[in-house]
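Colleague: Work out the full structure, taking the sequences as your base and the hints as a guide.
Taken in sequence, the protein lines are chains A and B.
Under our numbering, the first residue of the first sequence carries the number 15, and numbering increases by one thereafter.
Under our numbering, the first residue of the second sequence carries the number 15, and numbering increases by one thereafter.
It is worth saying that the hints were derived from the structure and are not from the lab.
Among the hints, a few may not be true.
Since the list gives no way to pick out one identical chain from another, each pair is judged satisfied if it fits inside one copy or across any two copies.
Unchecked claim - No more than 27 Å apart at the CA atoms, straight line, and that leaves these computed lysine-lysine pairs for DSS-like:
1) Lys289 / Lys230
2) Lys34 / Lys202
3) Lys230 / Lys219
4) Lys219 / Lys206
5) Lys202 / Lys219
6) Lys230 / Lys77
7) Lys219 / Lys99
8) Lys176 / Lys149
There are 2 protein chains.
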Amino acid sequence: MSLMIVGSMAFDALETPFGKVDRIIGGSATYAAWAASNFTSPIKQVSIVGGDFPQEELDALRKRGVDMAGVDIIKDGKSFFWSGKYHMDMNTRDTLVTELNVLADFNPNLPASYQDCEFLMLGNLAPAVQINVIKQIAIRPKLIIMDTMNFWMEAALDELKKAISMVDVLMINDSEARQLSDEFSLVKAANKILKMGPKFLIIKKGEHGALLFHGKQVFYAPALPLEEVFDPTGAGDTFAGGFIGHIAKTKDISFENMKTGIIVGSAMASFCVEKFGPNRLKELTQDDIDARIDEFVELVNFDISIIS
Amino acid sequence: MSLMIVGSMAFDALETPFGKVDRIIGGSATYAAWAASNFTSPIKQVSIVGGDFPQEELDALRKRGVDMAGVDIIKDGKSFFWSGKYHMDMNTRDTLVTELNVLADFNPNLPASYQDCEFLMLGNLAPAVQINVIKQIAIRPKLIIMDTMNFWMEAALDELKKAISMVDVLMINDSEARQLSDEFSLVKAANKILKMGPKFLIIKKGEHGALLFHGKQVFYAPALPLEEVFDPTGAGDTFAGGFIGHIAKTKDISFENMKTGIIVGSAMASFCVEKFGPNRLKELTQDDIDARIDEFVELVNFDISIIS
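Modeller: Below you can see the structure in the form of structure tokens.
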């Protein structure tokens, strides 16, 4: 049984208040796999890259237990490229360039060896591709989690709603939740979105943490206050990878365990932003991760027995 | 021994996306006293009002154990009046009218009976007034906490820094912390501000919760996600009142107990926003408060033993 991660593997060019890089490794499936591979293996990767994507990046992930049989390599194609510039608050950014390249024709055909998928993470992609992947898996996974973005709410709302209705966990940011629900209050937004099908909704709020909604239950995980957010690119995908990695490791899809998964995801995301691209994720040890999770426990822990 | 609360008692006119009121009771010391009186008594109130301030409002607080000997009533004067309009996000607002009225000449002269002050809460006022109050207390209180606002950073920065250097806890919002420190990162801002004198810094982030900094320690309390924020006016003062009320009740000024105080303050603030003005605070029972604090425990509680 395994975790399947579907998403982009790409190049990014970034400008932040701390610096600028021209062409580094990026993509939702890249970040998610680096994060999740700390907790579970094998991971079955589904993506598409051009002949320009470095073989050593694929090899580095393979060494972490990430199966690349589902990654199409289009020798004479170019990898997806995104370029963006972050504002001072690091929560908002302008997209400068989007070149879909090989991603424009991405229509994954899952290898037979991927049919043992127990947990499925659908990174932000065209909803039609997300639906296509779900339909190819003969035995429904124990848990399907999907990410999306405002672009699809404008370009393909009907297909997006269909995809949302097929998953267990939807993971979006606060402005996307507001746009999808047409509600400003995140509680009202969550109530509406949970009626669209998913049993769980995770709303990411960047430096303000993340919320998990399930029925009438709600959990609020803080983000670790950081001296410097060097590069927020991939933080959401890293969060998702840490979350689903923990769920796949524990094979427990209860609300209680998802709360812990969100803390694990938040810890991984807090590393991601410390360096450009996935570089910080590549050098982490288990001790680093344990110490960071302890920081989260300290951060929110209080003694309520003092009150009564 | 007692808690002293210094601040405005006033009229507000408010417009929010949910409605409009022309002239209701407001003021930092009003909200703080309503909140704190759930936890401790006596409270020694220090403020100034005009002859237009309703006697029954003073009486209602007196019945809650709030001593009004330090509240100057200027029979032929008018009470401080503030009018504002909230934006859709309820975190930002425009001030429409500020009429200082009797507050312009506020120069409190503490009654002798107020000298037993053990805990002192200085609401947002001119720093010169805050300093004046501290200097009038012969035996330094066990804990002094102060609020302020960006206006004083522009109009009286030197006096403000002097006031800040004299207190134990500074409580401001995130944009004020950034302005005061000239740092965008709240961690860097906190490090700078703690060097100005206070041993503790509380940064209020509205719907995103509150942070407590002390040396290298940090605590992040969430805000309760609400279906509707009806009127955020006074939420910060109510938070402060709940916080200092809990500290005064327990007489424990450790970092650990301040964390609990922040949860209590957050719970009180979550009530405040449910109705216009302090109306919701006036009708609370102990059961209401206990139930709301339980909601906060549920909101942040997670089982980390699952991880290892």
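Colleague: Measure nothing new, just compare the shortest in-copy and cross-copy C-alpha distances for Lys289 and Lys230 to 27 Å and report within, between, both or neither.
Modeller: between (38 Å within a copy, 22 Å between copies)
Colleague: Are the CA atoms of Lys34 and Lys202 at most 27 Å apart within a copy, between copies, both, or neither?
Modeller: between (39 Å within a copy, 22 Å between copies)
Colleague: Using 27 Å as the alpha-carbon threshold, which applies to Lys202 and Lys219: within, between, both, or neither?
Modeller: Result: close both inside a copy and across copies, 16 Å intra and 21 Å inter.
Colleague: When no copy is named, should Lys219 and Lys99 be tagged within, between, both, or neither for a Cα gap of at most 27 Å?
Modeller: Answer is both; intra-copy 19 Å and inter-copy 26 Å each pass.
Colleague: Check Lys230 against Lys77 for me: Cα-Cα at most 27 Å, and say if that holds within a copy, between copies, both or neither.
Modeller: Intra 42 Å, inter 38 Å, cutoff 27 Å: neither.
Colleague: Between the shortest in-copy and the shortest cross-copy C-alpha distance, which are at most 27 Å for Lys230 and Lys219: within, between, both, or neither?
Modeller: Classified as both: same-chain Cα gap 20 Å, cross-chain 24 Å, threshold 27 Å.
Colleague: How do Lys219 and Lys206 come out at 27 Å by Cα distance, when the copy is not named: within, between, both, or neither?
Modeller: Cα proximity of Lys219 and Lys206: in one copy and across copies (18 Å, 26 Å).
Colleague: For Lys176 and Lys149, with the copy left unspecified, which applies at a CA distance of at most 27 Å: within, between, both, or neither?
Modeller: within (12 Å within a copy, 67 Å between copies)
In this structure, only the earlier hint numbered 6 is contradicted, and the remaining ones agree with it.
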